[in-house]
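Chains as they are written, first to last, in our numbering: chain A, 1 to 243; chain B, 1001 to 1283; chain C, 2001 to 2318.
I should point out that these hints are in silico values taken from the structure, not numbers from a laboratory. Errors might be hidden in some of the hints.
[Claimed, not checked] Simulated coverage check for chain A against chain C, where a stretch passes if three residues somewhere in it have a Cβ under 8 angstroms from a Cβ of chain C:
{"no.": "1", "segment": "79 to 89"}
{"no.": "2", "segment": "183 to 189"}
{"no.": "3", "segment": "230 to 237"}
[Claimed, not checked] Okay, derived cross-link-like pairs now, DSS-like style, lysine-lysine, Cα gap no bigger than 25 angstroms in a straight line:
{"no.": "4", "chain 1": "C", "residue 1": "2006", "chain 2": "C", "residue 2": "2298"}
{"no.": "5", "chain 1": "C", "residue 1": "2298", "chain 2": "B", "residue 2": "1085"}
{"no.": "6", "chain 1": "A", "residue 1": "70", "chain 2": "A", "residue 2": "183"}
{"no.": "7", "chain 1": "B", "residue 1": "1171", "chain 2": "C", "residue 2": "2006"}
{"no.": "8", "chain 1": "B", "residue 1": "1275", "chain 2": "C", "residue 2": "2312"}
{"no.": "9", "chain 1": "A", "residue 1": "70", "chain 2": "C", "residue 2": "2202"}
{"no.": "10", "chain 1": "C", "residue 1": "2312", "chain 2": "A", "residue 2": "111"}
{"no.": "11", "chain 1": "A", "residue 1": "219", "chain 2": "A", "residue 2": "190"}
{"no.": "12", "chain 1": "A", "residue 1": "162", "chain 2": "A", "residue 2": "183"}
{"no.": "13", "chain 1": "A", "residue 1": "111", "chain 2": "C", "residue 2": "2313"}
{"no.": "14", "chain 1": "C", "residue 1": "2202", "chain 2": "C", "residue 2": "2006"}
{"no.": "15", "chain 1": "A", "residue 1": "190", "chain 2": "A", "residue 2": "70"}
{"no.": "16", "chain 1": "A", "residue 1": "219", "chain 2": "A", "residue 2": "8"}
{"no.": "17", "chain 1": "A", "residue 1": "111", "chain 2": "A", "residue 2": "162"}
{"no.": "18", "chain 1": "B", "residue 1": "1171", "chain 2": "B", "residue 2": "1156"}
{"no.": "19", "chain 1": "C", "residue 1": "2006", "chain 2": "C", "residue 2": "2029"}
{"no.": "20", "chain 1": "C", "residue 1": "2298", "chain 2": "B", "residue 2": "1082"}
{"no.": "21", "chain 1": "B", "residue 1": "1082", "chain 2": "C", "residue 2": "2110"}
{"no.": "22", "chain 1": "B", "residue 1": "1085", "chain 2": "C", "residue 2": "2110"}
Note that the Cβ used here is the ideal one computed from N, Cα and C, for glycine as well.
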Amino acid sequence: MVKPLSIKNLVKNFGGLTATDDISFDLEEGQSTGLIGPNGAGKTTIFSQIMGEYRQTSGIIELYGSDISKLSTPARIRLGISRTYQVPRPFSDFSVLENIRVGLMPDSIWKMITQGPNREREIELALSVGFSEDDLQQTPDTLSMGDLRKLEMARTMATNPKIMLLDEVFAGLTVGEINQIAKLIQNMRKENMTFLIVSHDLKALEPLVDDAIAINYGKIIAQGAFSEVISDSAVRTSYLGTE
Amino acid sequence: MLEILIQGLLLSGLYALIAVGFTLIFSVGRVLNLAYGSYIMIAGYVYFYFSQLLGLPPIVGLLLAGILGSCMGLLKYNLIVKPLKGDHIPVEISTLILAVILQSAIILYFGNSAKILLPIFQGVIHIGNATVTYNVLAATLVSWLILIVLFVFIRKTHVGRAMQAVSMDSKGASISGVNINKINMFTWGISGFLGAIAGVFFASYTQLSPSMWVAPLIIAIAIVIVGGIGSIIGTLVVAHIIGFMEIISVALISPQLRGVFTMLLVIIVLIIRPKGLFGREEL
Amino acid sequence: MGLGLKWYHFALWIGFIIFMLLMPEMVSKGTLRTIIFANFLAIFAISWDILSGRTGYISFGHPFLIGIGAYTTAILTKRFDVGVEYAIPLAIAMTMIGGTIMFLPALRIKGSYFALVSLAFMELMYQLVQVIRPDLTGGTRGMSGLVTLTRGAVNGYYLSFTIMIIVALSMWLLMRTRLGTALSAIALNEESVKGSGLSPTKLKLFAFMTSAFVAGLGGAFYVHYLGSIAPRALFDINFVFTIIVATLIGGASTIVGPMFGAFFLTFLLEYLRPYLPGAERYLIYGVIALLLYMYQPKGLYQIMINQFNRFKKDEDDG
């Protein structure tokens, strides 16, 4: 069966530094995978290469069996893969709905002009990530960190992805907000979304993922079921700092 | 040949003098002061007023112009740059508006017609075939002197090093206890002073007119872009590239093409190497 | 298309158009000539707004585009006896090519650097038209005795107003579509536009081409209104200043803002004329522009919207 995302021998060098060192893994359809490792292990760099924000030094990235290594970021997104960022990057002067509107747009100037915004879908997305009716006209400067993450989730979902890469979705959130986002991810898992999730908060991550990949110094050190990976001794040494 | 060399050196010296104050602001404050040309224009008029109309000694006129330039720099920083929080585009737009305001103010007081500024230093010297006025020679020497003093100042003094730190990483500098506001004020003051000194020499090189701020501004922009942010050496080298390019095109190709190569150089460098040729190693 | 048009939009536009059509009945020929300039300034300001106001790629060299349009039609009609019905469309096409050239640096640089490149483009153009083939361009002196399209102030007024209002209305509508939102998004965060699956390159190219279209149209008709062209007045930083200030005073990124900014400024200058006859009027004009810009960077448009909202709120509360 064709894998949604398949990464083969991915290498990224920055000058003399090897940020990603021969990484290979596959994501399974409808599965959720955690990507864990200490700070600077290369998690975000992998995301950036999958999305085409950095070009890999060597290696292949396949989306549903076809090589996407030469495509631009927007082209990759239109093929059904999307990511969120550690630091949310909203459009600062736009309301919540307008932010989502940008994500919903087709990449065609003609269609942008001739077709109006799909307000129902905008509102549906905003409400589905946990905004209330009153929040819809708020601008990002009045939103909390949790709301900004929700907004980023909504805008990412608006591009209609089949695979979502989430980067530190829980950082800076209150317990209530973590639960809200977790519920959202669980709902999308039921609808067969494929996830790759980076998080430091292993406790919050555990119920959301089936498998995990642990990396350190740009190399995979353990891979498999989440519970096995976090009890692996190499992972514990590197990541948790305990023997 | 000798003439090209001499004329090139002299023009380049003047250009370096014009650009150095602009480089300082661009490096330390990270904003482009599009009213920089106004220092040059106003200094020319101030010198004209004190030395030529009131008959004060040239050196007094020069100093007064410098002090006024310095005050203008401080006012600009406090009234425009600070309220706009140093946002690049708003500062550029506001300083552009300010430049036109100052131009109108000059027209209001001195009228629209061009005025001839008497040379600051009278007399000429013959080197081979070339005739060099003391005035232009003085501009070049002053330019070299200022650049050397500035270079040493930035390398050796406490304030200079703080300027360097702010130019590289203003947040980092602020964390290590540098008073960013003071350094900025200082830089704007110095920049205004240097711009004004350059202005007096530039005005005596060409002539005084209310629209004389545009040409030096464009030269300063060209030099800073091609030289790159934060590089005094870059400013000096590129001032010579542009100065010589102009002199050579005047002498060998066509006087009218004088500015064309400069603009082409600016466009090409900005597209190929936006950091400039010497960007970002040192101040 | 989801333009979100309300009844008062129609009312305001129709009211404005009727008012402007009656203008020749109400004012003197002299004032009418002033309004003709305001119409052209409005076209140029709208062109600037489409590019710089929207996408944040600030052009300090907009006369580069206007000049291509103006020179192309001037040369074609004067030197090659081409009819204006061909010369003007060709001029617009040339300007759009110029817009594409100006777009190329925007692939790599933005912010201050782009602003400076655009300024360099204008300076380059200024130098080139004087040097390259002065037999065609008229060199430093420019050209005069060009074909004029209208006779008399009234006809000139109607023609310039018609062009201006068509440009303003169509651009206003265009920017109310999702395209307008996408172009604004580029100014706010180009990376996030990419991250939303949209190609900023395509959007920027569209903005440059549209802006160039309007600039070329305005430049071509302007030159056939004046009947002459002079490089020093055209590729002039004061001209850049006037375009930008009209846009900013009115309110950038709104299309109607620049239009009203252009009228406001032109009338301001006109009313200052009895008190300050010369170029000193720019002093007052500049000071007003600077203070307004520092106080409200979004311009008169935003001040009016705020007033309107406050009024509405009072009404709702009361």
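*Would you check the hint for residue 1171 (chain B) and residue 2006 (chain C), treating anything up to 25 angstroms between C-alpha atoms as holding?*
violated, 48 angstroms
_Between the alpha carbons of residue 2006 (chain C) and residue 2029 (chain C), is the straight-line distance 25 angstroms or under?_
violated, 36 angstroms
*Given the proposed pairing of residue 219 (chain A) with residue 190 (chain A), does the C-alpha separation stay at or below 25 angstroms?*
Since the Cα atoms of residue 219 (chain A) and residue 190 (chain A) sit roughly 31 angstroms apart, the hinted pair is violated (cutoff 25 angstroms).
*asked:* Would the hint linking residue 2006 (chain C) and residue 2298 (chain C) be met if the CA-CA limit is 25 angstroms?
replied: OK: residue 2006 (chain C) and residue 2298 (chain C) at ~23 angstroms, within 25 angstroms.
*25 angstroms limit on alpha-carbon distance, applied to hinted pair residue 70 (chain A) and residue 2202 (chain C)*: Between residue 70 (chain A) and residue 2202 (chain C) the Cα gap is close to 18 angstroms, so the pair holds against 25 angstroms.
*Can the restraint linking residue 1082 (chain B) and residue 2110 (chain C) be considered satisfied, given a maximum Cα separation of 25 angstroms?*
Holds, because 23 angstroms separates the two Cα atoms, which is no more than 25 angstroms.
*Are 3 or more residues of the segment 183 to 189 of chain A near chain C, judged by a Cβ distance of less than 8 angstroms?*
This one is violated; 0 residues, fewer than the three required, reach chain C with a Cβ under 8 angstroms.
*Measure nothing beyond the straight line between the CA atoms of residue 1085 (chain B) and residue 2110 (chain C); if it is 25 angstroms or shorter, mark the hint as holding.*
holds, 19 angstroms
*If you draw a straight line from the CA of residue 2202 (chain C) to the CA of residue 2006 (chain C), is it 25 angstroms or shorter?*
Violated - the C-alpha atoms of residue 2006 (chain C) and residue 2202 (chain C) are around 31 angstroms apart, more than 25 angstroms.
*Starting from residue 111 (chain A), check that the Cα of residue 162 (chain A) is at most 25 angstroms away, please.*
Holds - the C-alpha atoms of residue 162 (chain A) and residue 111 (chain A) are around 23 angstroms apart, at most 25 angstroms.
*Take a quick look at whether residue 219 (chain A) and residue 8 (chain A) sit within 25 angstroms of each other, Cα to Cα.*
holds, 13 angstroms
*asked:* Just to be careful, I want the Cα atoms of residue 162 (chain A) and residue 183 (chain A) compared with a cutoff of 25 angstroms; is the pair within it?
replied: holds, 18 angstroms
Hints 2, 3, 6, 7, 8, 10, 11, 13, 14, 15 and 19 from the list above are not met by this structure, while the remaining hints are.
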